[in-house]
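Novice: Given next are the chains, with one letter for each unit.
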Amino acid sequence: MTEAVAVTGLGVVSALGSGVDEVAEALIAGYGGCRPARRVEAAPGAHLAEVAELEPRRWVRSSVGRRIDRTSLLALAAARLAVADAGLPPEAVAGERVGLAMGSAFGNLAETETFVERLLARGTGNPLVFPNLVLNAALGYASIELGVTGPSAMLSEQEASGEAAIQWGAQLVADGVVDVCIAGGADEVTGLLWRLGDETAHWSRDAPRPLDLAAAGPCPGEGGAAVVLEPMARARARGARVHARLVPDPGFAVPAPVHGWPTAPDRVAAGLRARLDGVAAVVASASGQPALDCLEADALALAGTRAAVTAPRGACGDFGTAGAVAVVVAALAVSRAVVPPTVGCVQPRRPDLDVVRGAARRTPVRAALVTGLARGGIVRPVRLEEP
Amino acid sequence: MSAVAVTGLGAVTALGADAASLATGLAEGRCGIGPLTLFEHGGRCHIAAQVPELPPVGRVLLPPATQRRLSRPDRFALAAGGEACRHAGLEPRERADAAICVGASVGGMHEVESAWRRRRTGLDARWRMSRLVATPVAVSAAALSQALGIFGPRLTMSTACSSSALAVASAAAMIRRGQVRVALALGTDALCRLTYAGFDALQALDPRPCRPFAADRGGLSLGEGAGALVLEDVSHARARGARVLALLLGAGVAADAHHPTAPHPEGTGARRAVEAALAEAGVAPEAVDYVNAHGTGTRQNDAVEVAVLRAALGRRLGRVAVSSTKSQLGHTLAAAGAIEALVTVLALDTGLLPPTVNVDGVDPAWDDLDLVRVPGRRQALRIALSSSYGFGGHDVTLVLARPG
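Each protein sequence line maps, in turn, to chains A and B.
By the count of our numbering, the first sequence reaches residue 387 at its end, each step adding exactly one.
By the count of our numbering, the second sequence reaches residue 404 at its end, each step adding exactly one.
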């Protein structure tokens with residue numbers, strides 16, 4: 001027996017703003033969140049997608065939460081926003097019938113950097129910071145802050161960390177193990193991360209150009225995004241607004257270099273083909289990273305999709321859980337019948353792909369697919385349908 | 001709830017390069033905790049259960065440049081995962097669609113620390129991607145997938161010290177739902193300066209080899225390694241004539257929602273994990289014969305764990321044999337859940353319960369605790385539990401049984 005999974009709440013904190021309405025407005029207007037760095041130490045003019053305001057007091061309630069790190073705070077903020085969007089009172093997401101799934105590619109980078117710097121310089125660790133360095137810190141803080149005591153998991157799947165977490169959470173709902181599940185993830189950008197990527201010629205210093213012929217690298221970003229998932233019958237019974245129905249999917253893998261992008265799009269296309277059936281909007285993983293963009297464009301073309309394609313990493317920057325933002329974009333496409341433009345894409349890499357450019361596309365979307373591509377050959381698709 | 005078969009095992013630990021040497025070391029009551037030589041360190045603890053030799057990459061389908069960039073946990077994972085697949089006798093076509101579920105925590109941190117040192121001392125004038133690609137924890141699963149030709153669903157989970165118990169639980173769930181018929185569940189973790197310095201700063205490390213449940217226990221000993229289990233749909237295993245080593249009857253996952261590092265003083269999450277696991281397995285507490293405990297050797301963990309077992313098993317506890325494998329392998333962190341599940345499978349399969357070594361006297365507060373001491377015990381088991389608790393209050397219990 002499998003429960004249909006309803007998406008009833010959406011929460012986003014990103015360079016595009018805070019809260020689903022603000023972010024949706026920015027996306028639809030084609031606003032680009034990749035801007036010359038302000039908070040993070042980077043070369044003058046280098047573009048980053050930074051979260052402007054993140055006030056801990058707005059999101060943290062518990063006393064242990066006062067030591068929260070930035071990545072965990074991004075995740076917590078997104079989770080609280082999603083719960084509010086679902087119209088659920090805080091007590092409705094506490095307890096053992098509630099699940100929690102969080103994703104992050106790198107977790108708490110900022111404090112890891114200061115910890116390791118001190119360790120290499122002085123040979124000692126900082127006991128106050130160490131508990132925040134576990135990859136699951138965001139999960140622990142969210143569980144404590146929200147009072148979630150049901151099944152929980154932290155997932156880390158490179159660029160598909162957000163999709164992986166959301167699918168793990170969706171499965172809990174489908175299995176009937178929980179009444180509510182909060183799923184999403186967060187990653188932060190730091191000066192060191194920017195420097196690493198700059199010295200290795202990974203990042204573009206300009207705004208990114210996903211799916212464009214001139215793509216020259218992704219733009220580092222940060223943010224948190226989360227969804228509230230409930231059994232469809234329960235969501236209907238409480239009169240909740242259902243953004244979309246999420247199809248649980250464990251995903252698949254394809255041959256690829258261990259540390260890089262798959263080179264053969266046919267295996268990706270073969271895996272995505274059935275999942276693209278009836279899909280009117282594809283939310284792509286493309287970030288402006290040429291190897292990824294090529295792979296994805298070729299795979300989508302090979303799969304024969306005629307869907308409108310949008311790549312939100314052009315607007316919100318590239319981070320391991322940008323896929324959670326992509327899921328929000330897909331849910332909004334279904335519920336609001338709009339596909340936002342791909343910021344930075346002027347001349348598509350493949351003319352046979354219908355990449356939405358310039359203005360948002362108003363069109364009914366009965367089904368949308370987040371592709372969920374990640375390095376090492378991970379594919380974590382998330383399909384959303386009209387409820 | 002239908003059972004899942006365990007048909008293959010693989011391990012890399014301080015006690016040896018494969019599951020057989022681990023089994024021998026456990027049976028002989030050997031302690032793998034010795035001098036920490038992997039990196040220079042300050043602090044007051046100078047021991048760890050270090051894997052003596054980095055396992056060779058072996059004959060796998062990975063280009064030489066990729067092999068050179070594999071991290072320590074990647075190498076552990078490849079050795080243990082490869083061994084488990086061979087042990088299960090999985091043909092390439094039988095594993096092509098299998099799932100891979102990995103529990104991991106620090107990824108290539110040991111390698112990153114070395115790169116970091118080179119960069120900050122000017123040995124490297126700039127950061128190099130070749131020294132950084134091993135960083136993400138998801139790389140071990142990618143290496144397993146590409147090296148062994150496994151292209152089903154892939155998960156990398158990280159809930160600190162319960163990471164790979166969660167990976168085992170998630171793999172079993174995929175089989176039960178019919179999403180896959182075979183899954184490779186694995187935990188891998190390596191010692192690194194960050195982990196050492198962190199636990200040292202928290203004063204959680206015992207300068208002597210750890211003594212779980214002892215009156216004079218003084219903290220944990222760090223360890224490293226990998227443990228791998230091939231899980232399989234029972235009918236699939238029977239149809240291909242595989243030997244079923246044990247059955248995974250159920251899993252329980254719960255959270256404390258209490259504190260970033262400390263367990264809930266009453267172990268509420270841990271208790272619910274045990275109860276949920278028994279409920280899923282359809283097993284009464286009275287049927288439990290053996291518990292492979294989390295048993296880190298810290299004052300707080302062991303006290304909470306005994307309280308949890310008392311609450312969940314009631315009077316049965318006095319008749320349940322308990323051991324902590326961490327006394328022999330150290331705390332292998334993200335690898336611990338899978339390694340201890342593997343040790344539990346060995347105990348069910350061989351009827352040889354591993355001892356808790358280094359312990360002179362059990363804490364007198366727990367006269368109802370039947371701790372298996374040196375030299376171990378021979379006892380036919382039917383039902384066993386393996387529990388893991390992680391920082392952040394993430395608790396997992398697995399229920400395993402002897403087949404038939």
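Keep in mind that the hints were calculated from the coordinates and are not lab data.
Hints may be right or wrong, so weigh each one.
[Stated by the list, open to error] According to the in silico footprint, chain B covers these stretches of chain A (three or more CB under 8 Å from chain B):
1) 245–254
2) 307–319
[What the hints assert, rightly or not] Derived CB-CB ranges, DEER-like:
3) 260/A to 120/B: 24 to 30 Å
4) 291/A to 128/B: 45 to 51 Å
5) 120/B to 347/A: 17 to 23 Å
6) 306/A to 91/B: 37 to 43 Å
7) 39/B to 128/A: 49 to 55 Å
Predicted model, so just to flag it, every value in this text is computed and none were measured.
Using N, Cα and C, we set each Cβ at its ideal position, and we do this for glycine too.
Novice: Could you run down the list of hints and mark each one as holding or not?
Specialist: Results for each hint:
{"no.": "1", "hint": "245–254", "in the structure": "holds (count 5)"}
{"no.": "2", "hint": "307–319", "in the structure": "violated (count 0)"}
{"no.": "3", "hint": "260/A to 120/B: 24 to 30 Å", "in the structure": "holds, 27 Å"}
{"no.": "4", "hint": "291/A to 128/B: 45 to 51 Å", "in the structure": "violated, 18 Å"}
{"no.": "5", "hint": "120/B to 347/A: 17 to 23 Å", "in the structure": "violated, 42 Å"}
{"no.": "6", "hint": "306/A to 91/B: 37 to 43 Å", "in the structure": "holds, 40 Å"}
{"no.": "7", "hint": "39/B to 128/A: 49 to 55 Å", "in the structure": "violated, 23 Å"}
Figure legend: structure checked against the earlier numbered hints; hints not met, in rising order: 2, 4, 5, 7.
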